[in-house]
Every structure is written in structure tokens, then in C-alpha cells.
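Student: Protein sequence lines, in the order shown, are assigned to chains D and W. Using our numbering, the first residue of the first sequence is number 1, and each one after it goes up by one. Using our numbering, the first residue of the second sequence is number 266, and each one after it goes up by one.
It is worth saying that the hints were derived from the structure and are not from the lab. Mixed in with the good hints, there may be bad ones.
EDC-like cross-link-like pairs, simulated, lysine to aspartate or glutamate; straight-line CA separation at most 16 angstroms [as the list claims (entries may be wrong)]:
no.	chain 1	residue 1	chain 2	residue 2
1	W	603	D	131
2	D	170	D	200
3	D	71	W	485
4	W	595	D	131
Since the model is a prediction, treat every value here as computed from it, not as a measurement.
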Amino acid sequence: MSPVLEVRDLEIAFGGVKAVDGLSFTANAKEIIAVIGPNGAGKTSAFNCITGFYKPTGGSVLLNGADITGKRPADIAHEGVSRTFQNLRLFHDMTVLDNVRAGMHLYGGQNFLDAIFHTPRFKRSEAHYTEEAHYWLDFVGYRGRRGVPIRNLSYGQQKQVEIARALARKAELLLLDEPAAGLNHSEKQSLLELVRRIRDLGTAVVLIEHDMGLVMEVSERIVVMNFGKEIADGTPAEVKANPAVIEAYLGKDDEDEEVPAHGDA
Amino acid sequence: MTIDNSTESIHTVEAEAKKRGFGAWLSSIFENKYIGLVALGIALLMPFLIATPYALNIMTTAAIFVVLAAGLNIVVGYCGLLDLGYIAFLAVGAYTAGIISKAFQLPVLFTLPAVVIMCILAGLIIGAPTLRLRSDYLAIVTLGFGEITRITANNLTITGGPSGIFGIPGFLVIGDIDFQNPVIFYYLTVIIVAGLVLAAARLGRSRLGRAWKFVKEDEDAAEAMGIHTYKVKLLAYIFGAVWGGFGGMLFASHLTAISPMSFVFLQSALVLMAVVLGGMGNMKGVVLGALAISLLPEFLRDFSSYRYLLFGILLVVVMVFRPQGFWPPKGAEAERTKAQRELAAMANGLKK
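Isolated chain D, as found in the complex:
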């Protein structure tokens, strides 16, 4: 069986700068993969390539063995990829429920004539949307009001809603871009528990994260990037012991020595 996500030698260049340079990894169903690396390592660029927001300049992205490289974002979402964004991209003037309903766009179930004439089909489908929205908000542990515009919510709540929206897509692959950024300790703990429950749904979860503690605790495998290149791929224990990773995060012992792999660019 082919893995849910397979990234092969992914490469994207902006002008002369290679933001991602030869990234390869796989993610299986019911697996949590973390992509880590210092700021500017190319993690978000890699996510944007996988989800179609950037067109990769090389390599390929396979979803269940089918090539999705360079397709447009909506088509990739259609194939079964869902994501969150690094800086929350919610629909600010719309209600919490409407934001989660956005994730259900591909459910269909009604056309414009149903909407104009309020057919039973329309009412059924709207009721279903609402019920599902409540279900996913419950799932992520959201406890605030649900009929109010999203801009009235706290940052932590907005993060929850964004995950609920991504889950409502019921995708096989979920990409979380820094889900723990800006959360306090207890919120991080419930996030850990949530990510595990998402995995138990059968989803392949790929997350970008800065918080090493969180990553070590939750992921089955970790991909480490630095300057666009992949420098390690392995279990948390392997990655922790890898000298290249230690170097990337803590710097080298000998400060005078040039690092040839990175160059001056």
C-alpha cells in the first residue's frame, strides 16, 4: 500500500534562493510526522508546495500514489488534503459555525435552486452542515459561543476553530502549520491530546512546529530541515542524537570554521 503522502526531492526556488532543496519524506495513515527546523528553513514553503499555493520547481508530491504536483489548491483540497495556516486565516466577519462550514464546502448536497426555493433537500443539507459544525467544534474542545463573529474570539479559541475547520474537510491528510504557536502550557497539553485523537481517526498528520518538547512527545517521526535542505529523518530518539541536528539548533563548537554546505547566499 502506498503511503498517504509521499514527497520526492521537492524543490522550490525564488529567484536564486532555493527555499526548499531536495525534501523527501512520507506520511502514512494513523501517523504523526513533524517537520522541524530553524526559522527560514523552508518548512512553510514546503507546506505551500504540497498544498498547491506554490508551484514546485522540482520534485513531486504524491497523494495515495497519485501525482498532485503543481495542481491548484482547490483541486488538491478536493483530492483529500486539508491544512491550517501559520498566521490564522479565518473568515473574520463570519460566525464560528460558518467558519467550520467552510471546511464542508466539498460535501455539496444542495444547488442554487434548492437554496432559492428552500426545498427539503436544502433544509436537510443545511441541518447536516450545522450538526457537523457543532460536532467538530466539540471534537476540538471549543467551549465558547458559536453564533458570533470569529473576530470576537480569543487567539486560543481562534486556533481551535481553525483546526475544527480543517477537520470538517474529513481529509486523509492534515497539515498543521505551527499549531502550538502562541499557546500557553495547558493549551499545549490539550493540543497534544487533540493531535493524537486526530491521528486515531485514521488521518495522516504532518505538523510544523518550533516547540521541540511538544514535537518529541507527539510525533512518530521527525523530518529536520535547515536552509531548505533535509538534514535528518527519523524517530525522535534518532533525531535527538543526530549531530547535524544538534549543530543546526545549537551551532558548531568551532565558531571560526565556515560551514561549506550552506554557503554565503
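With the hints as your guide, set chain W onto chain D.
Tutor: Chain W alone, transformed into the frame defined by chain D:
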């Protein structure tokens, strides 16, 4: 999964209770779900109050203006596409109805299928190339297309050139009833317009309407949710065009004569003004805005040559004090009731 029984809907009740006095009274009137029916009732009763040909003419024109504002609200209010050439669709509808009904001496109503098809085509032709652009660029290009439409009508023989088309046959005659009679035509217009306004409002609350609003708020996020932003924008344009076409058909049979002078840029600007003034995205507000824009100059007629000055000052005052428009969308919906919450908790418990 635990759902704690604390905050969820209790705050709402308290907040509602605190809000008292004039503001609460006013908003309870505006948020009343029968307000649309009341407005329709008033429109239907108007001829009993004043039935002078002049008043009926003004009221019919206002009703046609309402359908234009409703159509533009789909494009600008729901989908956030600034269209400065919307009047082009009124022109397409009016000329299609006028040319076909005059050539074949048909009642104008029978041109409806042709009007709808021509407007869908016009929406596609204008929308397909322009909707790849964003915001300001889109506004400029639509402005261009609006002018192109008018100038084309001014120069073609089939559209009658600068003098336009006159002597358009009546809307419909059944036995002794001539729908061209001002009172009957007024009622007919009100009913058609009410239907279209309701349909547009319902579209706004559907899956497609939500997709429009997602695109308006954040195109990239919408795309990530699997929404084909280009297709969705094109659909908004086409719906707007069809609403404009209905307006054009009514316009042509109301005036029985049309000329390029009716489709100048000022008209596009006025419809846009109605949408912005009323409250972009809220169909009720937009209807109110349209009525204000079309009727106020008539009420200010006593001030003769100063009336447009006064009209302008009024608009500026409203925009200064209510930049979001007179009646913006509410942006809220019903919370879950306690019973629903407990039921969901039970169902989730069972699933585990």
C-alpha cells in the same frame, strides 16, 4: 470528549436582557423576521394612498432600482468584487427585450428566456477575462466594460444608435387586462422584484452564498477549503448579470423606449451607492439603500436646484457616521440550545 455546561449560550440571554431602551426597540424592529413581508405589504398598499401617474412612475422606477441593487449586492456585497460597470447588464437586458419584442411584435414577457441567456453570456464575456484580476484592477476594467457596452449600443444599427429603441410593445395582454396599465404594471414589478430580492437573500444564506463570502474575506483560505475561487466569482457575476437583466426587461417595458443615455456611468455609481449606503451584504439594508437613493431626490424636489447638493451632503453625513452602511449584515446566528447540547454530548459519548 467532555462538553462543559458553562458558557455556551447563557451569555447570549444576559446580553440581550441588558440591551434595553430605544436602541433595543429599534433593533428588535429591524431584526424582526417578518420585516420583509411588512415592507412588501407597504409597497402593495401604496397605490391606495397615492395613485397619481407621477407617483406610480416614481414608485415603479424605484422598484426596478431595488432589483438592480439586489443584483449588485450579490457581486459586491456577497463576493466582494467591486464592479463599476454594472449598468451594462441593465443595458443588455433592456436591449434584448426591446429588440426582440419590437422585431416580432411580442409581449415583452416572452423575451424573458432570451434576456436570461443574453445576460448569462454577457456575464461570462465580461467576467471570464476580468475576474482573474484583484480589487482595484477589477474595478477599472469593469468601468471600461460598462462604457464599452454603452458606446456599442450608441453605434450599432440594431440598437437604434443614439436615439435608441422606441415603441416597445406592452408587457403582456390577457383578455381585458393590459399589464401596461400603470397600476397593474406597478404591482407586477413589485411582485417580480420581491421574488428576486427574496431569492438573492436566500442565495446569500446557502452553500454558494457562504462560498462567496469566504472568497470575499480570504481568497487563499477559501481555496484551501476546496472552493474554486474563480468559478465561484464567475457565478456571482452571472447571478448579478441575470438580476440586472430582469431589471432591464422591466425597465424597457416600463418606459417603452430606451436609449444609450439611460446607461451612463452615473447609473452604475448610483446602484453601487445604494449597496454601500444600505450595508454591503445585507439584502434588507440594500433594499432600503436603493429606495433612499431613488426616492430621496424626489422628496427633495421642493428645493429645486439645490436638491442634488442636499442629496450629496446627506450621503456624506451617512458615510461619516455609518461607514459600514445604514444596515450592515448582523454577522451572528442562533446558538445551540441546552437540549441540543446535551443530545450532542450523549451522541458523542456513544460514538466513543
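Student: With the threshold set at 16 angstroms, check whether the alpha-carbon distance from residue 71 of chain D to residue 485 of chain W stays at or below it.
Tutor: Distance ~14 angstroms between residue 71 of chain D and residue 485 of chain W Cα, so the pair holds.
Student: Please work out if residue 603 of chain W and residue 131 of chain D have their alpha carbons no farther apart than 16 angstroms.
Tutor: Measuring from Cα to Cα gives roughly 14 angstroms; hence the hint holds.
Student: Between residue 595 of chain W and residue 131 of chain D, is the straight-line Cα distance small enough, at 16 angstroms or below?
Tutor: 22 angstroms, violated
Student: Checking one constraint from the list: CA of residue 170 of chain D to CA of residue 200 of chain D, max 16 angstroms. Satisfied?
Tutor: 13 angstroms, holds
Going down the numbered hints, you'll see the structure goes against just number 4.
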